[in-house]
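2 protein chains.
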Amino acid sequence: MKLICAKNELLKSVNISLKAVSSKTTMPILECILIDASATEITFTSNDMELGIETKVKGIIEEKGIVALDAKLFSDIIRKLPDSDVCIQTDTNLNTTITCEKAKFTIPGKSGDDFAYLPVIERSEGIEISQFTLKEVIRQTIFSIAANENNKLMTGELFEMKENILKVVSLDGHRIAIRKIELKNNYPSRKVVVPGKTLNEISKILSGEVEDQVKIFFTDNHIVFEFDDTVVVSRLIEGEYFRIDQMLSSDYETKVKINKREFLDCIDRATLFVKEGDKKPIIITIDDTGMQLNINSQMGSMNEEIDIDKEGKDIMIGFNPKFLIDALKVIDDEEISIYLVNPKAPCFIKNEEESYIYLILPVNFNTAR
Amino acid sequence: MKLICAKNELLKSVNISLKAVSSKTTMPILECILIDASATEITFTSNDMELGIETKVKGIIEEKGIVALDAKLFSDIIRKLPDSDVCIQTDTNLNTTITCEKAKFTIPGKSGDDFAYLPVIERSEGIEISQFTLKEVIRQTIFSIAANENNKLMTGELFEMKENILKVVSLDGHRIAIRKIELKNNYPSRKVVVPGKTLNEISKILSGEVEDQVKIFFTDNHIVFEFDDTVVVSRLIEGEYFRIDQMLSSDYETKVKINKREFLDCIDRATLFVKEGDKKPIIITIDDTGMQLNINSQMGSMNEEIDIDKEGKDIMIGFNPKFLIDALKVIDDEEISIYLVNPKAPCFIKNEEESYIYLILPVNFNTAR
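Protein chains in written order, with numbering that gives the first Met the number 0: chain C, 0 to 368; chain P, 0 to 368.
Identical chains share a label here; the pair holds if one copy fits it or two copies do between them.
Dumping the calculated DSS-like pairs for lysine-lysine here, alpha-carbon to alpha-carbon at most 25 Å:
1) LYS343 to LYS278
2) LYS309 to LYS103
3) LYS103 to LYS321
4) LYS63 to LYS11
These are computed hints drawn from the structure, not numbers from a lab.
Chain C extracted, bound-state conformation (with noise of 0.2 Å):
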């Protein structure tokens, strides 16, 4: 195999490639960035056997040919070159030589024989939304699942199509976030769970830009994201999702709109006060005089006023500060509601169409005081 393509082309390619290394495996093969030049186009393959990752590479196929190189190790040499082209090739050994201007690396190559391929997936059905409203749902819920693998299902998001409608949905037991797309056009019903880990990486390798469209297709156990030159594959979580609808209701008794801004901050001062792993909650107290917040813990206390426009009953409650500012930071609005019922039902941020909901359990602050 040879092959000639620009620092830059390599370097774009292999940083997409690497999302979908395996770093604890037995399998050394899974640690390898399959290039395959075989027929007419250059791609490069990474598969953990959970997410799997197909990307062209533009570049000049002088010898047909396929190797598997070890990701960390190619990556780094690409990463390091002069910004030139740069000519790759194997021997009938597999041992593979880098050349860049004058730097020459051989590092040894494996044959692609026990490469992991992605699987062939038949793509029919597939939805269409922009790059920027991929990343953004998942930077808007992705911080809501659960971080141990007790409950498999937690640890992924519900995507749910109905009619025009995409709804995605995490939750870790103590919270909920939840957002709406509209589609372009109606689609058949249909409910999958998408490990969290595939929506992380996904959402790093994504341009981000609104002209840039990603297509999803589903099949019963993968979803598969094509964008730009990219296909990425990957298992779904097998099992039914949590019924949401029912814990997700819309009487309140205290409705309060709040500048997120000043109540985020104020929340982050607070947190100076809560140590990793305390369940210290912060006190809200909300009247006709505004909002007031509170912390006390062996440390020191603090205390803050903020301005809002209430309506109905007073209340007190407590919450995980945590769990309030996991929320506030995704959300884009400048102006907020929060919808309470009582100091021990969830209260909800979410705006007027319900594009986007967070339901947050409160704290049992009498106790934990």
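With chain C's structure known, arrange chain P on it following the hints.
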């Protein structure tokens, strides 16, 4: 005590004070910043018993007093306050209330009675250089002090005054870094060894501006840096520093002029094949065709050629690539000169005026291969 200071002034002074706060100590008072507003000025003092810093803070004293506050908590609070005037007030129990706009923090304070004030140092015969120069000199030498404390003197840097020259030297047994600065006046001969930690911390506080000056005073046991509104006092390291003059010879068999950037980039690429803790040398071959760099490891091999101007004999010599990289990174010259004698003798990288000299011992590459 009651003070009013702008948030930014407080933050600046807190950040300076933090550099001399003990992180691991059995004396909680050393984890504090002492706020002294007992007279007409506000000063913050911190002292880890080796390094002490006193800095003046702009602000208004409404009620005189002294309090010691936990440095980390105090700095975290100041950092997160809105950009406005801050009121710091203590009650009779030294509980301290920090108020800024509508935010109000309360933290416990300590009396200043147990605080280790800075030693009173008589200032005489101080040298004066620009903050830029001092910061540069530290940056260009600090990397070659020894990391471990086996030999205390190697963890510091020699500051030697002689006539109108300040010479700064660091060494770790494998290499020596020397910088010479011309002073405005002549000074009596003097040698002191300044702890590396002191120099690291002070270079973080220095503005680095050419117009800003720093005065340096010496006593038998201390060095004092005075600049802006800040005084830094550090203990010196006791003992007689190594005699390096006998190691510095101006004889050479081979002299090479080389583009620094090219040389550095090339060695940087070669280090891809050097794992952490590995003693793999880079082998440099110099002959009439140029300089060739080679590295061989289990992971693979690299070689690269660089154009040079050569005088004298051909040579093949091995180096720890890290030592070359460390020196090359801090040299500002575009083209550098390397002086070599034989594969077992140290190489010198220095300029004509010898305002900088880097000595690096070679590695025996035949056995290491």
